[in-house]
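S.K.: Take a look at the letters that make up each chain.
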Amino acid sequence: MVRSSLDQVALELSSIKKSFGGVHALQDVTFTINKGEVVGLLGDNGAGKSTLVKCISGVYAPDSGEIKVNGKAVVIRSPEDARAAGIETVFQDLAMIPEFNIVQNLFLNREIKHKNPILRWLGWLDTKAMTKRARKALNRLNTRIPSYNEQIHNLSGGQRQAIAIARAVNWGADIVIMDEPTAALGVEQSAQVNDLIKVISSQGVAVLLISHNMQHVVETCDRAVVLYQGSSVADVAVAEVTKEDLVGLITGAKKIAA
Amino acid sequence: MNAQMLSLNQLKQIALHREAFIYYIFFFVLFFFAIVLHDTAFLTFSNFMNIVKQTAPLTIMAVGLTFALAVGHIDLSIGSVVALSALVGALLLQHTGIPLAVLGALLVGVTVGLINGLLIERLQVSSLLITLGTMGIITGIARQLTNLESVPIINQDFTFLFGSGKVLGMPILLLWTLVIGGCAYIILKKLAAGRHLLAVGGNPVAARAMGIKVTRIRLYALIASSTAAALAGLLYAGRLHGARYTLGEADLLTVIAAVAIGGTSLFGGRACIVGAILGTWLMGIINNGLILSGFSTNEQMIARGVILVIAVAIGVKEIRNG
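If you're matching them up, the sequences are chains G and R in order.
Quick note: the first sequence uses the numbering used here, first residue 437, plus one each step.
Quick note: the second sequence uses the numbering used here, first residue 18, plus one each step.
Heads up, a few of these hints could be off.
Said to hold, decoys possible - Straight-line C-alpha distance at most 20 Å; calculated SDA-like pairs for lysine to any residue:
1) G:Lys490 to R:Lys206
2) G:Lys551 to R:Ala209
3) G:Lys634 to G:Ile646
4) G:Lys568 to G:Asn578
5) R:Lys206 to G:His550
6) R:Lys206 to G:Trp560
7) G:Lys551 to R:Ile204
8) G:Lys490 to R:Gly228
9) R:Lys230 to G:Leu558
10) G:Lys551 to R:Leu208
11) R:Lys230 to G:Asn545
12) R:Lys207 to G:Glu586
13) R:Lys207 to G:Glu535
14) G:Lys549 to R:Ile204
15) R:Lys230 to G:Ala520
16) R:Lys207 to G:Arg546
17) R:Lys230 to G:Lys634
It is worth saying that the hints were derived from the structure and are not from the lab.
Being a predicted model, the structure only gives us computed values, none of them experimental.
Make the full structure from the sequences, and use the hints.
M.R.: Quick look at the structure:
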């Protein structure tokens, strides 16, 4: 792929390694994601996808290797570190509080406090400001929500996914990691999520998409990185390969000179 | 037409809301006793003021317990903390002034809450078992402390402040209930702290993923619970002009039943302070009504148990329905 001058590397991973006891979960993972690019992370069960995601999002610390965000090396030891570096993760279970409404979930642990300095010091919430910001954030993603007071457990899976994505983007994340965002969704809702991914990438966000669904990867991703036995074995433009090629790479039946 | 339908739906939602439940029961029971006991002193202002004064320590305990339940814990040690804090406060009053005595008594609560919390988090054992254990330990200490003797309090200022006092014609015990209840209401409804508390109870994994310090918040909730119980001990001591190891002994069941019927989930994630206080008053009214109807203490105990079972049954049914 030819990189124009606008192409800037958002996330750069070089030689990431992680072992648990004698098990080498990640041996050598190296790839980059540009701004506004959607990269699919593929691999069989046990190839190291979820370990890698946990290393980037701060759940595990890698044993060695380097993570660069926007060209700067960062040390990620906790989810807070990852967030501070501009990396947001949309977890498979979405990390929502079922009893909370949409606004409360969007601003969980990042509440807007009251303007009055005394109330602010007490941690008084500014619900009005949060509702306003929530509306803006969801409008930006073309997501229509029946009511902002609706509790999360009354929403459909697709709507919840949209809110989880909105939450990630709302915090000015440069890089959003999505773990199987359509695994639990029907056809129509999957399509909505695909549209959402396109919207946020068009806004310059780099997206790392973990998926088992080849169709989904082919439809939404610009590139695909394949992990095999803990190493990144292929980094291909999705337009240039077939689904069968990808399956071959995942199972190790096919090899590409990287 | 459409707008009307909407408002009707909204009305229905509000009317069927779990937190509205306590109001129906409250007024139903009130109505019931008012009719059955129409020829007694039940439906008089002074009787209700008496109920409010008698249940003041319980309302404070209920408010505290609501915090523990909000994060998904239960605190069985609150009854025993009442006795120990009252005794410590009364003993200190014999040697020092009110500020130190109050501080000492409240410190009992803070310490117990801290120990409960640390044990639960470190050992990863259910709060039910840990607080059952500490309940036994504290009950033992309270009995040992004065060899089952009661400790009188003669300090007039103390009994005014924590018992018989009146401010602008309002019993100071009611004021305690309203102030503590008001503070708790604001914390849970208006402040970020309350939001995080409920998040931890609603989905601890998600709360942790969003960077909330789950362990610390659970610790705070248990400290709040037992410190409230310690304050309840002072209110008992103030009203009764003394402390005894039996204080708070029978209150645990009443408080749990009151909080549960008031709309707070026994499984975390939902808390209702107004419901907890109304629930406590409801228990007080039921007790009062049963006494006036000529029922014995034993039968009152049965009534409390039945109410708890009903409240829990409603809560569990609700969880199953999603």
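S.K.: Does each hint fit the structure? Answer for all of them.
M.R.: These are the hints, each one checked on the structure:
With a C-alpha separation of about 34 Å, the suggested pair Lys490 of chain G and Lys206 of chain R falls outside the 20 Å cut-off, and the hint is violated. Of the supplied pair hints, the one linking Lys551 of chain G and Ala209 of chain R holds, its CA atoms being roughly 14 Å apart against a limit of 20 Å. At most 20 Å may separate the alpha-carbon atoms for a hinted pair to count; Lys634 of chain G and Ile646 of chain G meet this at roughly 15 Å. Proximity of Lys568 of chain G to Asn578 of chain G is assessed by CA-CA distance (about 15 Å); at most 20 Å being required, the pair is judged to hold.
Between Lys206 of chain R and His550 of chain G the CA atoms are separated by roughly 14 Å; this keeps the pair inside 20 Å, and the hint holds. Distance restraint check for Lys206 of chain R and Trp560 of chain G: the Cα-Cα separation of roughly 9 Å lies within the 20 Å cut-off, and the hinted pair is therefore satisfied. Our distance criterion of 20 Å between C-alpha atoms is met by Lys551 of chain G and Ile204 of chain R, whose separation comes to about 17 Å. Between the alpha carbons of Lys490 of chain G and Gly228 of chain R the distance comes to roughly 15 Å, so the proposed pair stays at or under 20 Å and holds.
Between Lys230 of chain R and Leu558 of chain G, the direct Cα distance comes to roughly 18 Å. Compliance with the 20 Å bound is thereby established for this hinted pair. Only pairs whose Cα atoms come within 20 Å are accepted, and Lys551 of chain G paired with Leu208 of chain R is accepted, the gap being roughly 13 Å. For the given pair, Lys230 of chain R sits about 10 Å from Asn545 of chain G by alpha-carbon distance, which is consistent with the 20 Å threshold. Under the criterion of a C-alpha separation no larger than 20 Å, the hint pairing Lys207 of chain R with Glu586 of chain G is consistent with the structure, at around 18 Å.
The suggested pairing of Lys207 of chain R with Glu535 of chain G holds, with an alpha-carbon distance near 16 Å, which does not exceed 20 Å. Our distance criterion of 20 Å between C-alpha atoms is met by Lys549 of chain G and Ile204 of chain R, whose separation comes to about 13 Å. The hinted pair formed by Lys230 of chain R and Ala520 of chain G meets the criterion: a straight-line CA distance of about 16 Å does not exceed 20 Å. In summary, the hint linking Lys207 of chain R to Arg546 of chain G is supported, as the alpha carbons are separated by about 14 Å, within the 20 Å threshold.
Of the supplied pair hints, the one linking Lys230 of chain R and Lys634 of chain G is violated, its CA atoms being roughly 34 Å apart against a limit of 20 Å.
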